[in-house]
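Colleague: Listed below are the residues making up each chain.
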Amino acid sequence: MNVLVCVKQIPDPNAPGKLDPQTKRLVREGVDLVLDPGDEHGVEAGLQLVEKDGGEVTVISMGPPKAVDAIRRALAMGANRGILITDPALENSDAISTARAIAGAIKGQSYDLIICGTESTDGSSGAMPAQLAELLELPLLSFAKKLEVADGKAKIDRQTDEGYDVVEAPLPAVVTVTGGINEARYPALRGIMQAKNKEVKQVGLGEIGLDGQAGKAALTQEVVDATPAETRKAGEVVEDKGEGAKRVADFLKALKVI
Amino acid sequence: MAGAWVFAETVDGVPKPVVLELLTKARSLGDAAAVALGPGASKSTATLGEYGAKKVYVHEDAAFRDVLATPAVELLERLVEKDRPDLLIFGMTYDGRDVASRLSARLGTALIANATDVSAKDGGWAIISPMFGGSLLVTTVPKTKGPTIVLIRPKAVAAAPAGSAGAPEVQRLTDSVDTSKPVARVLRRETEKASGPKLEDAAIIVSGGRGLGAPENFKMLDELAAELGAAVGASRAVVDAGWKPYSFQIGQTGKTVKPTVYIALGISGAMQHTVGMKGARTIIAINKDPEAPIFKLADLGVVGDVHKIVPQLIQEVRSRKGK
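Residue numbers (our numbering), protein chains in the order written: chain A, 1 to 258; chain B, 259 to 581.
Here chain A stands alone, though its shape is the one from the complex (with noise of 0.2 angstroms):
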């Protein structure tokens, strides 16, 4: 059973982002870079499955040469190795040519499964695992919340407005994971020193036969304003010395909603 999971490294979440007044772009000096906390998930759920049937987890992963940092977080929770897509063409790239990429860097290797999270913490579009499906011509499935992989099969349940649906698909298929399907493991030292030693493979656009397919050149899209949105007043804020319910009834009853 070979997994690979697909990761990013990110802004801190935990820092509120900031955007240059001036140039209207995001702040990215002075801000701790970390792995997605949601693809520590989909690392999680790769090293389960690998950990049960046999086999090996690649993370993969695309961004400049510092995002080596959030694959080796991975390899130290015990992932086997890492490959890392990197390319000055590849800066402020769409969706479409992170998959594009992953695609390209993966062509000619066989997983069974490939994970990702539903959507990365900071652009939140949650379009490249579909896309990356579509490319490889894979089944997706999303939204995950538990997954078993038994008989060349991956079931989920997926959750849904109301509840969820049990939805399987044949092996290969792409996985989407949410944050509730698995507490992530926390790298032991042990695994933070192996991860030094792992293989972290790192490849530009010519090499898998990109050049001028992804990233700058093949852009859809691009940003053309960028505006504070209109805030709302903090109202009062009262601290609870006894009297708080009763400041909570009276603000409930002037609404009239007792």
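These aren't lab readings, by the way, just hints derived from the structure by calculation. Treat each hint with caution, since some may be false.
Per the computed footprint, the stretches of chain A lying under chain B, defined by three or more beta-carbons under 8 angstroms from a beta-carbon of chain B, are [as the list claims (entries may be wrong)]:
(1) 113-125
(2) 134-148
(3) 174-187
(4) 236-246
Facing chain B, a subset of chain A residues (Cβ under 7 angstroms, in silico) [what the hints assert, rightly or not]:
(5) 162
(6) 163
(7) 165
(8) 166
(9) 167
(10) 219
(11) 220
(12) 221
(13) 225
What you are looking at is a predicted structure, and each value in this text was computed from that prediction instead of being measured. Cβ coordinates follow ideal geometry from the N, Cα and C atoms, glycine included.
Fit chain B to the supplied structure of chain A, relying on the hints for placement.
Modeller: This is chain B only, laid out in the frame that chain A set:
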């Protein structure tokens, strides 16, 4: 006029609420059409017409209900090639996102997700999406030929009937649906019942976060909600921890709600959550951390212990109702 198509998700022939929102937007941008797929889809045509669809494409094959995304993508690709719409609008729903994303890869056209508005601009489109939990509004323009694909968040547009609309032209499709390729098939559907009103429709929502400390403490929220006739919601932290099912989740990856009153209990107000509830008319927050970002949104904030205040609040509400 530009052709603006809406992917009309239906359940047993009834359009999902977001579909009527999308049609309201689509008809302001051009000739609106709807594509309704799956068993019972033809029952939805009158409603779709009422909200502005001049034409409705209908295909009732069970595969559209039982197989994820791929049959819809195959059919949409054929329809797009034949009738060449300028804009394809999907709801930012579980199925909408899968179908739109696959279709964009197939057509090689721009996909813009998380949108709250679309307008015509210089012969093309300008799409507005919130970023950073809605603190920033980004305008994106597509740069590809062929139809632009937009995923609009539920509740971003207020649905309104078109008024003067007549019955739409209905085109019944009977193309064979190819599912010979490997597909993701739905084996069964499970519903997680919640008591009280539906979260999406509720006028009052009582919502809990990690500050509640333990899953059993949601009982007091249920009690408060019952007193107020409210629905119960939850933050992602709580859902990820397994305290509540996903159907309760409000936020970026959950539901978007716009109640009259939103009561946030033990919710810190991470952007992931606030993007789904900041449209509430009035927000009340109780949290022990005076620095919690939720207080920047709240009309009334109480810094204190939810475990003490909520039971008191239930009593206060009861005594006021008794009067």
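Colleague: Run through the hints listed earlier and report the numbers of any the structure violates, in increasing order.
Modeller: Result: no hint breaks.
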